[in-house]
Amino acid sequence: MIVPLISAALSLLGSLVTLCLELVAWAVTAWFQRGIARRAAAIDAAAPAAAVAAPQRHRWRRPLLITGIATLVLTAALVVAGLCCGERILAWGIDRWSRRTGIAVAYDHAQCNVFAGTARLTGLRVRSPDGASDAYDLRLAEVEVDVAVLALLGGRLELDQARVAGVHGTLRADSDPRRAQTPPVRSSREVNIERFTLTDAQVDVTLLRDGRTLSGPLVVEKLQAEPLRRQWVLFDVLFRSQARGSLWCAPFTIASAPSDQGRVTTWTARGVPVDLLAAFVGGPCAWLRAGTVDVDVVDRWSLAQPRMIHMDYRIAGHGLELVSGTEVGGLSGRMVTALSAYLAVKQGELDLAFALDLDRDRFHHALSLDAAGLWDAIAPALAERIAAKVGCDPAEVRAAGRTIKAVAAEALERWRKR
Numbered sequence: 383m384i385v386p387l388i389s390a391a392l393s394l395l396g397s398l399v400t401l402c403l404e405l406v407a408w409a410v411t412a413w414f415q416r417g418i419a420r421r422a423a424a425i426d427a428a429a430p431a432a433a434v435a436a437p438q439r440h441r442w443r444r445p446l447l448i449t450g451i452a453t454l455v456l457t458a459a460l461v462v463a464g465l466c467c468g469e470r471i472l473a474w475g476i477d478r479w480s481r482r483t484g485i486a487v488a489y490d491h492a493q494c495n496v497f498a499g500t501a502r503l504t505g506l507r508v509r510s511p512d513g514a515s516d517a518y519d520l521r522l523a524e525v526e527v528d529v530a531v532l533a534l535l536g537g538r539l540e541l542d543q544a545r546v547a548g549v550h551g552t553l554r555a556d557s558d559p560r561r562a563q564t565p566p567v568r569s570s571r572e573v574n575i576e577r578f579t580l581t582d583a584q585v586d587v588t589l590l591r592d593g594r595t596l597s598g599p600l601v602v603e604k605l606q607a608e609p610l611r612r613q614w615v616l617f618d619v620l621f622r623s624q625a626r627g628s629l630w631c632a633p634f635t636i637a638s639a640p641s642d643q644g645r646v647t648t649w650t651a652r653g654v655p656v657d658l659l660a661a662f663v664g665g666p667c668a669w670l671r672a673g674t675v676d677v678d679v680v681d682r683w684s685l686a687q688p689r690m691i692h693m694d695y696r697i698a699g700h701g702l703e704l705v706s707g708t709e710v711g712g713l714s715g716r717m718v719t720a721l722s723a724y725l726a727v728k729q730g731e732l733d734l735a736f737a738l739d740l741d742r743d744r745f746h747h748a749l750s751l752d753a754a755g756l757w758d759a760i761a762p763a764l765a766e767r768i769a770a771k772v773g774c775d776p777a778e779v780r781a782a783g784r785t786i787k788a789v790a791a792e793a794l795e796r797w798r799k800r
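Residues 383 to 800 (my numbering) are what the sequence shown spells out, left to right.
Rather than coming from a laboratory, the hints here were simulated on the basis of the structure. There's no promise every hint is true.
[What the hints assert, rightly or not] Capping the alpha-carbon separation at 20 Å, the derived lysine to aspartate or glutamate pairs in EDC-like fashion look like this: (1) Lys604 to Glu526; (2) Lys728 to Glu703; (3) Lys604 to Glu524; (4) Lys728 to Asp676; (5) Lys604 to Asp542; (6) Lys771 to Asp694; (7) Lys771 to Glu731; (8) Lys604 to Asp586.
Working from the sequences, and respecting the hints, build out all of it.
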């Protein structure tokens, strides 16, 4: 249950950091493309005149000579620009990107070697546009990127590695469907980072959800993803990374490793307050009034079925208390009454295990677990398992959840077609 919530916070922080990395890399890209375009235009303009003046038997010599000279000039220009003008080029690119997106960017110091494809920023500050529903004000102590220059010359933006250290600030994530949402900054450019490392992140998070306001700290001691891709950022953080930290002072870890013909990822979280579950997962979690939850999840996917992810959940609740069954009513009310009686006997302890199979494509272009539709998959499975635990009919619960599931599926499909 809590793993998706942890993942949502991590993915949101990861998307903001990726945004900063793209900003730095975009500045380098802009300089390369601008310089190459100018020199290509000059070569194209000079080539026809040279071809007319050259004797017929020497037509191959002039283009070869021009190409050689142009290559030498371009190489020399890149070296000079990289050594002397890198910081100015980077500042120009950042300013242009900031004006285009409305995201305020400032920094204390910058180093940029265009020829080598490296950039380093210290004291970076990133603030969301005014009026954004998802608002952030972050300070990044240090950002380093290493651009794959050959890929850049081919029109692809790829980073060999990116490192972000010392992230502090505030983040307000408004995921309440009743509130107007600010469209995310979209780009057709694919950004791939071969190795992404985030260390020492401490962000004060405020979550707005279904009329609830929840505030607490998100701490990421270290997160390393190989790779981290713009269009698959949530998937890469959840299933292809190593991470440790805490959410609302509840420690969590993500560990991923290759296996025979596939990959295995484990998620763990300890002592997570139930009000987070009630706000995000919904369903039976909305019945919880007090207590904490421990969770262990093992995710597996294989090359034989690369689109399907098999997830085994094991959840342990401690000191759980529920709302009154009369407050809920209907089938849910009967389940609450039965579960309350069960918890009274077990002294608030609850141990559950269930499995899910998810389509990996849910995570394509998704920056949150709402967009990926994970809540809608977890809540019904959890409700059925609780029903079986307390003696209710899982088939009745399954039938009651079909209507809600269909509505959620239609909403997800509309989001994907936007």
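Hints, verified against the model:
no., hint, verdict
1, Lys604 to Glu526, "holds (16 Å)"
2, Lys728 to Glu703, "holds (12 Å)"
3, Lys604 to Glu524, "holds (14 Å)"
4, Lys728 to Asp676, "holds (16 Å)"
5, Lys604 to Asp542, "holds (19 Å)"
6, Lys771 to Asp694, "holds (17 Å)"
7, Lys771 to Glu731, "holds (12 Å)"
8, Lys604 to Asp586, "holds (17 Å)"
The structure is consistent with each of the numbered hints, conforming to all of them.
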